[in-house]
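Protein chains in written order, with our numbering: chain A, 1 to 172; chain B, 1001 to 1596.
Honestly, the hints are just simulated from the structure, not real lab data. Some clues are possibly wrong.
In silico contact screen, one side only, chain A against chain B (beta carbon under 10 Å); selected entries [claimed, not checked]:
id, residue
1, Pro18
2, Leu42
3, Leu46
4, Phe49
5, Leu51
6, His77
7, Leu96
8, Val117
9, Val120
10, Tyr160
11, Gln161
12, Glu164
For each label pair, taking beta carbons as the anchor points, the in silico distance ranges come out as [as the list claims (entries may be wrong)]:
id, chain 1, residue 1, chain 2, residue 2, range
13, B, Lys1413, A, Leu104, 40 to 48 Å
14, B, Asp1054, A, Lys155, 52 to 60 Å
15, A, Ser91, B, Ala1039, 30 to 38 Å
16, B, Ala1083, A, Leu89, 44 to 52 Å
17, B, Leu1092, A, Ile150, 57 to 65 Å
18, A, Lys155, B, Ala1039, 51 to 59 Å
19, B, Gly1034, A, Leu104, 45 to 53 Å
20, B, Glu1334, A, Leu133, 44 to 52 Å
21, B, Lys1326, A, Ser88, 43 to 51 Å
22, B, Ala1402, A, Leu104, 32 to 40 Å
23, B, Leu1010, A, Leu133, 41 to 49 Å
24, A, Leu104, B, Asn1442, 42 to 50 Å
25, B, Ala1039, A, Gly67, 42 to 50 Å
26, B, Leu1092, A, Ser91, 19 to 27 Å
All residues carry an ideal CB built from backbone N, CA and C; glycine is no exception.
Next come the chains, spelled out residue by residue.
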Amino acid sequence: MIKLLAKLLRVLNSETDPGQISLGLCFAMIVGLTPLLSLHNLLMLLLVFILRVNISAFLLGLALFTGIAYLLDPLFHLLGLAVLTAPSLESFWASLYQSVWWRLEYFNNSIVMGSLVFSVSVFVPVLLLSNLLIRRYRQHVLAWVQKTRIMQMFKASKLYQTYETFSSWRPG
Amino acid sequence: MTKWIRWWGLGAFVVFAVTLGCVWIFFVDGWVKGLIEGAGTEAVGAKVELDAADLSLFPAGLLLTRLQVTNPKTPMTNAVEIAKVTMGLDGLNLLRRKVIVEEMALEGVRLGTPRAISGVVKPVKETTTGEKGMFGISLPSLEVPDVKNILEKEDLETIRLIETLKTDMQREKETWESRLKELPGKSQVAQYKERIKNLKKAGKGGLEGVLGGVGEVQSLKQDIEQEIESLKGAKKEFEDKVVLLRTRFEQIKTAPQRDIQHLKAKYNLSPQGLANMSQTLLGSEIGSWVREGAVWYERAKPFLEGAQASGGGEAGPQVYKPLRGKGVDVHFKEAHPLPDFLIRLTKVSVSLDFGDVAGTIHNVTNDQPTLGQPTTFAFSGEQLKGVESVTLKGALNHVVPADAKDQLTVQAKGYELTNLVLSKDDKWPVTLASGMGDMNINADLKGQALTAHGTGNLRSLHISAGKDGDTNPLTKSLSNAVTGVSQLSLQADVQGTLEQHDVTLSSDLDRILQDAAGKMVNELAAKFGTELQTAISAKIAEPMQQLKNSLSGFEGMAGELTERVTQHNDILKSLLEKSLPTKELKGLPGGLKLPF
C-alpha cells in the first residue's frame, strides 16, 4: 500500500505526461462506474495495458470511481431504464438483443447501460479537465506544497523514504 | 504512434486474461455446486446437497454426482437421491444466459433414502389433518340406552316448547286482563243510558231544547261509535293472539317425533352409519394421498409459473425484477425465443423398493409460454415386486398461465396388498391381511379446480376384523360379513381444490355391511323409538293438559269482549231508533234535516 501511494505521488510529481495520467483516470472511470464483470471492461483493460496510460493513475481512479458508483447507482438505473425503454431506440436494442456478444455484454441491464452511457458521455470532458488540473497543479501548487510544514514532515516519513527509493529505481 | 503503444502491455494482458481464465476454471465447479445447492434448497424448503459438480466447456456439459434432496417433512430422509446426473449444454445459448439442456440422464434415482445429518432448513409444521378421521369409526350401537336416564339428562325440544308456550300464555293472560279493565265496559254503557235519558228530557223543552239536543246527540253517537271501534280492534287483536297460541300448541304435538329422531341419531341407533363404511375405512387414506400430492405440486408450481415473470412479450420491451444495486433487466422480443431454462428430454431410472421404474420427462422449463409446449412425463415398470405393472403418465400444461391444465393418469395392475390397517378402532379393528388390486386413477387440475376419479378392483382378499371374544352382536355380525369378502370394487372421487377437497368413496362393502347388520339396527331403533314415544308422552301429558286449560281460559275473555261490543251496539241502536225527538223535528222551518 505504501509503495502504491509512493508510486502515485511519484507519478503526480514526475515528468509523466498529464495526458497519460488523465487517460488512465478516464479509463478507470469507465471500469469503476460500470459493473466490473462486464465485457466492455475487458476491452478497457486491454487498452490500459497496450496504450501508454499511467497504470497507477488507473488503479487509484478505479478505487475512487468504484466507490462513487455505489452512490450513483440509482441515477444510473434511471438513466439506463430511460435509454433502454425509449421507443425510438427499441428496434435498435432489439437487434442487439439477438447477438450473443451483446447479450454477454449485458447491455439490457439498466445499471450497465446507465453507467456506460454516463461514463462514455463524460469521458472527453473529464479527460480535458483532469489534464488541465494536473498542469495547473504542477505550475502553481507543487512548489508551494513542497515548502509546507506538512510536506516537510511527510518527507521525513517512512512512506516518503520508500517513495524516494522507488523513484531512484526508475526515474520518470 | 509508437509513442502511445507499449507492446509489452499486450503480452501482459494475455497473461492476465489467461490467469483469470485459469482461476475461473479452477473455481467454476464449486460455484456451480453452490448455485445448485442454494437454488434447490430455496425451492424445496430443505437442504439440497451435491457431492460434486463438473462443468466441461468443450463440449459444454455438466456432471453432477450424488444429488440429495431432503424431504422437508422428514429431514432425516431424502425425498430423492440421484447417484449421477449428466447433461449436455447448449454452449451458445449459455453465453446468452440461457441454460438449454438437450438431454439429461438421471442414473441411480432412489426415493426415501436415509440421511446422515438432518436436512432441515426451517422448522416443519406438523399437520395432523385426517388422522382422527382415519381411525375413528362411528358404529351403530346395539345397547338400548335407559330411556328414563335419557329423559332426565337430555334437553328435549318438546319440553322446551311447552315451557315457552306456558310462559307466553301467562304473559298474554295478564296483558289481556289488564286491557279488559281499560277497555269500555258496563259503566260506560250505563253512562250512555243516562245521557240518552237526559236528551229525551231536553227534547220536551220546545224548539230551543230540540236544537240544543242535536249537537249533544251527534257527540254521543261519535263517542259510542269510537268505543265500538276500539272494542272491535281489541277483539281482533285478541283473536289473532289466541290463534297463534293455538297453532303453537298444535305444533308441540309433533315435537316428540323430532326428539325421538334426534336421540336415535345421538345414541347411534340409526343404520345410516353402515351406509358409507367404505368412505369411513378408506376415505381418509385416499385424502392423505391427495394432500401429499398437493404439497409436492404446490412446491413445483412456482417453477412452472416462473414463465409469467420472464420473456420478451409481443407488446414491446418488458421490465421486471427491480433489485437494489442490481438494476433491472429489460427484455426484448427474440427472433427465436427460448426459455431461460429448459431441459428438452430427461431420461430417468428410479430404483424403488419394489423394483426399477423408468421413464422420460419432456420440456422441463420455468417458461412454458415462451416454449409453447407443456411438460409431459411417462413412467412405467413391469414385473415388479408386489405389482405386475405400473404406468404413470401426465402433463403439466401452463402454456397459457391463466388457463393451466394439469393431468395425471396412473394405472397399476396386480398390486399386492398386505397388512393394510383399515381401522384401528378399539371396538372394531379391521386389517386387510392380503389381496390383489387393479387400479386406474385419472386426475385433472384446471386452474384451482381439482377433479379426480379412481376405480379399483380388489380380489383374493383376506380381511381380519373384530376382536377375540367380542360379545357385541353388531360388531360380530359386521366381522363375519367383512371376513367373508373376497373381492370388492371401489370408486373414488375427489373434488374441490388442492387445499379444500372432498373425497367420496363407494364400494360393495357398503351393501354387504348393510345386509349384514342393517336389519338388526333397524329393529333396535324401532324398539328404542317406541319406548321413547311412551316415555315422552307420559312426561308431557300433564303440562299439555295445563296448556289446554289455559287456552280455554282465553275463550272466557273472548266472550267478554264480544258481549261488550254487543252492549255498545245495542245502546247505539237505542239512541238512533228510540231516543230521538223525531216528532218535534218535523215542524222545523225549511224542511231542515238533522245530520244523522
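Status of the hints after comparison with the structure:
1. This hint is violated: Pro18 of chain A has a C-beta 14 Å from the nearest C-beta of chain B, more than the 10 Å allowed.
2. Annotation: interface hint on Leu42 of chain A holds; nearest CB of chain B at approximately 8 Å, less than 10 Å.
3. Taken as an interface hint, Leu46 of chain A checks out: its beta carbon lies about 5 Å from the nearest beta carbon of chain B, inside 10 Å.
4. Taking 10 Å as the C-beta contact cut-off toward chain B, the hint placing Phe49 of chain A at the interface holds, the least distance being around 4 Å.
5. Taking 10 Å as the C-beta cut-off, the interface hint given for Leu51 of chain A holds, the closest approach to chain B being about 6 Å.
6. Restraint check, His77 of chain A versus chain B: the minimum CB separation of about 5 Å is within 10 Å; hint holds.
7. Evaluation of the Leu96 of chain A hint against chain B yields a held restraint, the C-beta minimum of about 8 Å falling below 10 Å.
8. For the restraint placing Val117 of chain A at the interface with chain B, the shortest Cβ-Cβ distance is roughly 13 Å, beyond the 10 Å limit, so the hint is violated.
9. The beta carbon of Val120 of chain A comes no nearer than 17 Å to any beta carbon in chain B, farther than 10 Å, and the hint placing it at the interface is violated.
10. This hint is violated: Tyr160 of chain A has a C-beta 28 Å from the nearest C-beta of chain B, more than the 10 Å allowed.
11. With 10 Å as the threshold, the beta carbon of Gln161 of chain A stays out of range of chain B, its nearest partner Cβ sitting at about 29 Å, so the hint is violated.
12. For Glu164 of chain A, the suggested interface contact is broken, since its CB lies about 26 Å from the closest CB of chain B, more than 10 Å.
13. A beta carbon spacing of about 53 Å between Lys1413 of chain B and Leu104 of chain A contradicts the range 40 to 48 Å that was offered as a hint.
14. Checked against the hint of 52 to 60 Å, the pair Asp1054 of chain B and Lys155 of chain A passes, with Cβ atoms roughly 57 Å apart.
15. The hinted range of 30 to 38 Å is satisfied by Ser91 of chain A and Ala1039 of chain B, whose Cβ atoms lie roughly 35 Å apart.
16. The given range of 44 to 52 Å is respected by Ala1083 of chain B and Leu89 of chain A, whose C-beta atoms sit roughly 51 Å from each other.
17. Taking 57 to 65 Å as the suggested C-beta distance range, the pair Leu1092 of chain B and Ile150 of chain A conforms, at roughly 59 Å.
18. A hinted range of 51 to 59 Å holds for the C-beta pair Lys155 of chain A and Ala1039 of chain B, which are about 57 Å apart.
19. The hinted range of 45 to 53 Å is not satisfied by Gly1034 of chain B and Leu104 of chain A, whose Cβ atoms lie roughly 22 Å apart.
20. With their beta carbons about 47 Å apart, Glu1334 of chain B and Leu133 of chain A fall inside the hinted range of 44 to 52 Å.
21. About 27 Å separates the C-beta atoms of Lys1326 of chain B and Ser88 of chain A, a value inconsistent with the hinted range of 43 to 51 Å.
22. One distance hint, 32 to 40 Å for the beta-carbon pair Ala1402 of chain B and Leu104 of chain A, holds here, with the actual separation near 34 Å.
23. At about 31 Å, the CB distance of Leu1010 of chain B to Leu133 of chain A disagrees with the hint of 41 to 49 Å.
24. Checked against the hint of 42 to 50 Å, the C-beta distance between Leu104 of chain A and Asn1442 of chain B comes to roughly 47 Å, which is consistent with it.
25. Taken as a hint, the range 42 to 50 Å is violated for the pair Ala1039 of chain B and Gly67 of chain A, whose Cβ atoms sit roughly 31 Å apart.
26. Separated by about 23 Å at the C-beta atoms, Leu1092 of chain B and Ser91 of chain A satisfy the suggested range of 19 to 27 Å.
In this structure, the hints that do not hold are numbers 1, 8, 9, 10, 11, 12, 13, 19, 21, 23 and 25, in rising order.
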